[in-house]
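Order-wise, the sequence lines are chains A and B.
Mapping of the first sequence onto this note's numbering: residues 1 to 285, in sequence order.
Mapping of the second sequence onto this note's numbering: residues 1 to 601, in sequence order.
To be clear, the hints were calculated from the coordinates, so they are not data collected in a lab.
Among the hints, a few may not be true.
What the hints assert, rightly or not - Here are the in silico distance ranges between beta carbons for each label pair:
(1) A:I75 <-> B:G94: 53 to 59 Å
(2) A:I111 <-> B:F363: 52 to 58 Å
(3) B:A421 <-> A:I111: 39 to 45 Å
Said to hold, decoys possible - In silico negatives: residues of chain A with every beta carbon more than 12 Å from chain B:
(4) L99
(5) D132
(6) Y153
(7) R180
(8) L206
(9) A257
Treat the numbers as computed from the prediction; the structure is a model and nothing was measured.
Built from N, CA and C at the ideal position, the CB exists for glycine as well.
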Amino acid sequence: MVESIVSTGLAIGCIYALIGITYNVMFSASRVFSFTAGTLGMLGGVLGSLFIARMGMPAAVGFFLALAGGAVLGIVTEIVAVRPVLRSLDQHLYVLSTLALALIIQQFTAIEWSTEPQPFPRLFAIARGGFDQQFWLPMLACAAVIVGLELLYRHTLIGRAFLAIAEDTYAARALGLPERSLRMTSYALAGVIGALAGFAGGEMLLAFFANAPLLTFYGFVPVALGGMGNNRGAVVAGLLLGLFQQTANFLVGGIFASVAVFTVFIIVLLARPEGLAGAALQRRV
Amino acid sequence: MDTPAAQLRPSRPNVLGSASTFSAALPFLALLVVGVAFPLFGGGYWGVIATRACVYWVLVSGLNLVVGFAGQIAIGWVALLTLGAYTTSVLTAGTVTPALPPYLALAIAAAVGAIFGLIIGLPALRLRTFYFAITTLGFATIVTQVALAWQSVTGGGVGVAGPIFPEPFSSQWGFYYFCFGLAAICTWMTANVAASRFGRALTAIRDAEVAAEASGIAKPALLGAVFMFSGAVAAVAGGLFAALQSYITPDAFTLDLSILFFIAILIGGRGSILGPLLGTILLTVLPEFAAPLVAWSTFLYAVLLLVIVLAIPGGIAEILDFKNRRPIESDRAIIPRPDLIERLLGAPPDAGALTLEQVALSFGGVHAIDGLDLEIRPGQVHGLIGPNGSGKTTTLNVISGYYAQQYGAVRLNGAALPVFARHRRAHMRIARTFQTPRIVGSASVLQNVMIGGTIDGEGTFVESLLSLPRHRRDEVMLRDTAMLALAAVGLERLAAVRADRLQHSELRFTEIARALMLRPAFLLLDEPAAGLSAEEIGRLGALLLAIARAGTGVLLVEHHADLIFDICHHVTVLNLGRMLAAGTPAEIRSHREVVNAYLGG
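Here chain B stands alone, though its shape is the one from the complex (with noise of 0.2 Å):
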C-alpha cells in the first residue's frame, strides 16, 4: 500500500498543474499583446475607443468584485465616477484649493472614492438585494444633482475642465498606455483576489450564505474590504474619464453609463474576470459599428440583460468555459479514505465538553425545544434522533447560533457561547454541515471545500491583491488541506468539477470535507445520510467513527436508525423538544416508550 501522500501526489498536476494555469492565463496575455500593439494598427479615433475601454474596465474591475463576486446588485456605481472624475479635476484645477498635480489629485480621488465606496455599499450588510440596488440607484441620482448645483465648486452645467497628466502621458497614445497599464494592473489585482481566500468567501456569501457564516466568514470586514476597493478603482476611472473627456460636466454621467457598466459584468458572467473583461470590451466598441443604432444603445444594452438574464444566467464565461462541458463518469463511487482523517485533522485538540442546559425555545406557542440537556463529549459519536418535528435540526440551529435560546445555556468547556455570533462559532472550532447542502455550485468541488479553511489564511486582502508571499502560502496551504480534505471523503477525482454537476450524495460528502477544514474540535451534522444508498451509509459511518477517534466530538442528527446504533457512543432521543430517552444504542434500542414511539417494533 502506497503511502497517502503519494497516492495524492499525482491527481494533483491534473487539476491544477502549471498547464491549466498556463492555458487560464493565455486569454489575458492575448489581450496584453494587443493592447500593447494597439497602436501600431489602431487610427487616432479608435485610440479614444480604446482608451475608453480601459477606463471603463478599471471600473468595471473592482465593481466585478462587488457584483460579480459578492452578488452585491449595485446598478449605480456611476456615482463613483463622478465622484472621482470631479475631484480630481477640481483639484488639479485650482479653483477651489492651490492646483495639485495631476496624479496627487488621482490619489485623493481614490481615498475619497474608497470612503464613498464604503458609505454606498455598507447599507447592503442590512438590506434585501432590491432595497440596496434602489439606494444606489439613489446615490446616483443625487451625485449628478449636487454637482449641478455645487455650482462654485464643480461649475454646475457649464461644467470644468479635466486634469492633463503630464510628459509623458500628454500625448494620445501616452495617455492610453496610462489608462492600458492601469487598466491592466486593476485584472491582475483582482485575478489575485478571485482566486484567493477573499474571492471564495465571496461567492460563498453571493450563493450560500449560512455555509459562509458556518465557516466563519465575517462578512461586514469583507464587503468593506471590497467595497472600499471597488470605489478606489472607480474613483480612478473617473480622474481618468475627466482627462479623457478633457472638460466634463453633469451630463456626461448618465445613469445609462451607470448600466453599461452594471451589464457589461453580468454579460460576461458572474464569478469570472475574464467574461466582464471581453463584456466591457465588446459593449465599448460594439456602437461603433453600428453608428445608426447609437441612439439605441442603451435600449439595446437593456434588451441583452434581459436575454441574458432569461436564457444564459452564466454570460460568457459560462459559453467559454469548455471544461466543464466535458462528460463526468457516471457510475463513479465514493469511497472515503478514514485512515486519511488523523493526518488532516492533526493532533486531538483540548476543548473539553460541548454541553447544553436546559435550552428552551419556543417560536410564537410552539416549544420547539423545551429544556433539554445534551453533552457532546470529545471522541465520540453523539446521536439525535427524533420523530420530524422534535426539534433535532433547532437544537443543531441553537449550537450554531442561528436561533438564540430563550432560556438555558450552551457551554464550551465551561464558558457559555455568545447567542446569534454565527461566524464565531467556526473560531471556536465548530463546523456543521446542513440538511440540505450549501453549495456554491458555479465554484469547483475544490474551491468549495477550500472556502471551509478560510479562517485558516493569515495574509490580508491588500496581500491577496497584491499576491505578496504570504498570501501565496496561504493559497499552498489551503490546496493542500482541501486535497486531503477531498481524498478523506472520497471525492478527489471530482475536484476540478464545477460543483453543480454533482450528485446529491456527492455533495453531502463535499459539506463534510469543508467542515472537516476547521479541524473541528465539535461536528454538528444534519442529516447526513439523506439521500445515501446503503452502501454509501456504510462509508459514510466508517468515516464519522475515524472522524471522532481523532478527537472530534460529532453530533449526528438522522432518521437511518441502523447508522445511529451502528456508530454511535451515546444517543439522545427527542418527542415535542423534550428528551424523551438518553443512554447507550443498547439501552435506547430496548427502551420501551421508544421503540413504541418511534422505533415502531
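Bound conformation, chain A alone (with noise of 0.2 Å):
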C-alpha cells in the first residue's frame, strides 16, 4: 500500500513539478502567468494517444510530434496572448487573454477529439506490474527537464540571455538582447516541458480535455508555494503535494483529498503570498 501510494504519489508530482516549470519559464521571460500552462499538459497526453493509438504512429515519431506540437502552441500563446498585452502589465489583461486561448484550445479538443477519456498507448511492450513505465516516465521526464534546463542555463550563451532577460528585462534590451525572439523562444521551450509533461504522465491521467483545467490548478501549486520563477522550489512543491494528494486520497477518500490540497495550499498562500521559497517584493509608489 505504502509502495503504491508513494511511487503514484511521485509520478504526479514529477507531471504537477513539470507543469510548474511550464508556468515558470513563461514567467521568466514575461513576468506573466499563463493559463495555457495545464492546456499544454492536457494536449501532451491528446496528442500522443491521437498520433500513436489513433494514427498508428511509432512511439518515438509521435512523441516527437507531440512535443513540436506543444512548442507550437507556446509560441501561438505569446504571439496572440501575451505579447499584445505585456505593454498595459497593470491591467492584468494578461490573464483574461491566455484564459480565453486556453479555453479556445479546451473546447476545440472536446469538440474534435473526444469529450470521454480516451487510452494513451503503452509505449514500452513490458510486462505491467511492480514499478511501472506509468510511474517511472514521468519521473524520468522530469529529471531529464530539470538536468536539461540546468545545462542550457548555465553553460548555453542562449541560457544566460534567457537568465538575463529574467533578471532585468529593460537592462537585457538595453545591452542588446533579442528580447522578443528570446521571448518566444522560451514560451516555445515552454510548450514542449508542458506537453512532455502530458505526454509522459498520459498513461496516468489518459487523454482527456478536462486534464486542462486541473493541471492548470495543479501545477500552480508548485509554483505558488515554491515561490514563482522558481524551479528548484518547484519540483520539491510539486513531489509534495503529488504525495500529499495521494496520502490523503488512501486515507479520506478521493474526492475529499482534493478539498485537502485545496485547503493547504489557501493557508500556505494566505500565511505567505510570496511562497515557502520565496521573498515580498516591496511595492512602488
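Please dock the two separately framed chains into a single complex, following the hints provided.
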C-alpha cells in the first residue's frame, strides 16, 4: 500500500512539477503567468494518443510530434495572448487573454477529439506490474527537464540570455539582447516541457480534455508554494503535493483529498503569499 | 462679481441635471417594459430562456461589483451558484432536515452564499491577481467534486430535485415574474452601489489603489461587504436555477457556466451596469439562434473574450458611451479660484504641527533618508528640494505610511503616527498627491474628485444598496463639495468628462481637488508643477498660498526653484538623505553650499 502511494504520489508530483516549470519558464521570459500551462499538459496526452494510438505512428515519431505541437502552442500563446497585452501589464489583461486562449484550445479538443477520456498507448512493450512505466516515465521526464534546463541556463549562451531577460528585461534590452525572439523561444520551450508532462503522464491521466483545468490548478500549486520563477522550489513542492494528495486519497478518499489539497494551498498562500521559498517584493509608489 | 455659489449653479444642470439622469435610466426602463410584457409575445420555450437570463443576471449583477468594479478576477463564481442550488434543494426536499418552505430555504442559501462569498473572496486581499484567479478556479472544481461525493446529502451523481415555489409562482410565467422581479431588484441595488461612494471606492481600488489608500478607503471592509453581497445573490440565483431545472446534478454546474458569467461582464464593459446586463442577455440568447453551434458555444465565448480583451477592452459600455466621444474644447485654460478655498476648507483645523524627528530609512545599503528633522506648521508652505535621489519622495512616503522608517518618529501634534497604516492617514486629515497622477481613467473627473471625500460619508453599504436617505444625503454632500473643489482648482467645466481624456496638467489639478476633499490639515504634494506651463505654475502657486492661508500645512516637494522661492515660508534642502540647509527662501538662496551643489548659480 505504502509503495503504491509513494510511486503514484511521486509520479503525479513530477507531472505537477513539470507544469509548474512550464509556468515558470513563461513567467521568467515575460513576467506573466499563462492559463495555457495546464492546456499544454492536456495536449501532450491527447496528441500522443492521437498520433500513436489512433494514427498508428511509431512511439518515437508520435513523441516528437506531440512535443512539436506543444512548441507551436507555446509560440501561439506568446503571439496571440501575451505580446499584445505586455504593454499594459498593470491592467492584468494577460489573465483574461491567456484564459481565453486556454478555453479555445480546450473546447476545440473536447469537440474534435472526444468529451470522454481516451486511453493512452503503452510506450514500451514491457509487462505491467511492480514499478511500472506509467510511474517511472514522468519521473524520468522530470529529471531530464531539470538536468536539461540546468545545462541550458549554465552552459549555453542562449540560456544565459534567458536568465538576463528574467533578471531585468530593460537592462537586457539595453544590452542589445533580442528580447522578442528570446521570449518566443522561451514560450516554445515552455510548450515542449508542458507537452512532455502530459505525454509522460499520459497513461495515468489519459487523453482527456478536462485534464486542462485540473493541471492548470494543480500545476500552479508548486509555483505558488515554491516561489514564482523558482524551478527547484517547484520540483520540491510538486513532489510534496503529489505525495500529500495520494496519502489523503488513501486516508480520506479521492474527492475529499482534493479538498485537503485546496485547503492546505489556501492556508499556506495566505500565510506566505510569496511562497515558502520566495521573498516579498517591495511595492513601488 | 457674482457670489461663488451663484456662479456655480448654472453649470450643474448640464453636468448632472435631471435630463441626463433620465437618459441614463432610459435603457433600464425600456428593458423593464420589455421584461414585464414578455409573456404577451413569447412562446413557451422562450419563456424558459427569458427566465434563465433573469436567473443568470441575478448572479452576474453581484459578480459585476467584484469583477467589473473592484477588478478582482473571480473566475470560479459558479461555485456559489452550485452552493445555493444544493442548499435550497436539499432544505426543501426534507431528506436531511425537516422540509422547509422554499422561501426560507432560499434565504438560508443567501446567508450561506454570503459566508462562502467572503471565504472565496478574502484571499484577494493578500494575493496577486493570477493567484486569486487560480484559487477561485480551484474552489469551483472542489465544490462540484464535493457535490458528487457527498451522496447522503446531495444525491451524488443521481442528483436531487429542485425546489418548487408555491402559488402564484408555480406556473411557468409566475416563476418567470418571480425571477424577473429579483433581477430587477438586483439591477436597482447594484446601480445604487455603483453610483455611491462605495462604487467609486471600488473603481479606485481597481485602477488607482494607492490613491484609494491615500483617500482613506479601507480595502478589507469594502471588499468583504462586496464579496458577501455577491455571494448572497449568487446563491439566490442558484436556488432559482435549481427550480428552473427542476432537477440538479453536479453535471449542471460546469466551469463553462462560470466562464459565461465572467465573459458577460467583460463583454459588457468594466464599471458599467447596463453593459454586463446586455452581455448576459446576449450570451443567454445567442446559442438559441444558432442551434448547430450549441456545442461550440463555450468555444465561441472564449473567442469573443479574446477579441474583447485585445480589441475593445472597454466592452459594450464603451461602444455605447456616446457622450464621451464628443470633442471637448481644445484650447481650455485652467483658471483656479483661490477665493473659493476658504469656503471649501472651512474653519482652519487645529492640528498642531507635523514633525519628523531623526527619521532614517535605508534600502539595502543605500541611506534614502538619514536622520531627517522636519517641522510642517499649519498655515505654512514648506518646500522640500534637493537633487534626484536625495530622499524627497521617500520622506513623503514615510509620512503617508508607504514606507516604515527604521529609526526616528513621525508625529502629529506630538502623537507618533502608526507605521504602515496608510489608509488611517486620511482620517488624520493628511492628504497627498502623487508624482504620476493616480486617477480612475474610466470615471468622470467629478467622480474622481468625489473619491477623495469617501470617508466623510455616513451611510453604510447596506444603506447605499437600498438607497436610503442617509446614502442620498451623502451623495448630495459629496457632489456639492466636489463641484466646489473643482471650481476652486479651475476644472468645473470638465466635471463630466472621462478623466482619461484630460491633459497631464489637468490631471495634476484633479489630484489636488481630490486631496482637498479631505479638508486636509496637511497636504503633501509630490512635484505638482512637473509638466505644467509657466503660466499654470503661477496659478498653482496662488492656489497653494490660498490653501495655506486657510490653515492647512503644505509640504511641497518640487524641482521648480522659482515656485519654491515664490510661495514657501520655509525651505529644507536635502542631499543624499541628509539635510543640507534649512531656512527662509531668502536664506536658502544665499546659502553657499546650496547654490554650489544644487541651484548651480
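Structure-based check of all given hints:
Our hint of 53 to 59 Å for I75 (chain A) and G94 (chain B) holds, since their Cβ atoms are close to 57 Å apart. Separation of I111 (chain A) from F363 (chain B) is about 54 Å and conforms to the stated range, judged on CB atoms against 52 to 58 Å. In this structure, A421 (chain B) and I111 (chain A) break the distance hint of 39 to 45 Å, their C-beta atoms being roughly 54 Å apart. In this structure L99 (chain A) is not separated from chain B by more than 12 Å, as the shortest Cβ-Cβ distance comes to only about 7 Å.
Consistency note on D132 (chain A): stated as away from chain B, and its beta-carbon is indeed over 12 Å from all of that chain's, at 27 Å minimum. Distance to chain B confirms Y153 (chain A) as a non-interface residue, since its nearest Cβ pair spans about 24 Å, more than 12 Å. With a closest Cβ-Cβ approach of about 18 Å to chain B, R180 (chain A) is found to remain outside the 12 Å limit, as its non-interface label requires. Its beta-carbon lying about 17 Å from the closest one in chain B, L206 (chain A) satisfies the requirement of being farther than 12 Å from that chain.
With 12 Å as the threshold on Cβ separation, the claim that A257 (chain A) sits away from chain B is violated: the shortest Cβ distance comes to roughly 10 Å.
Violated hints, in rising order: 3, 4, 9; the structure is consistent with all others.
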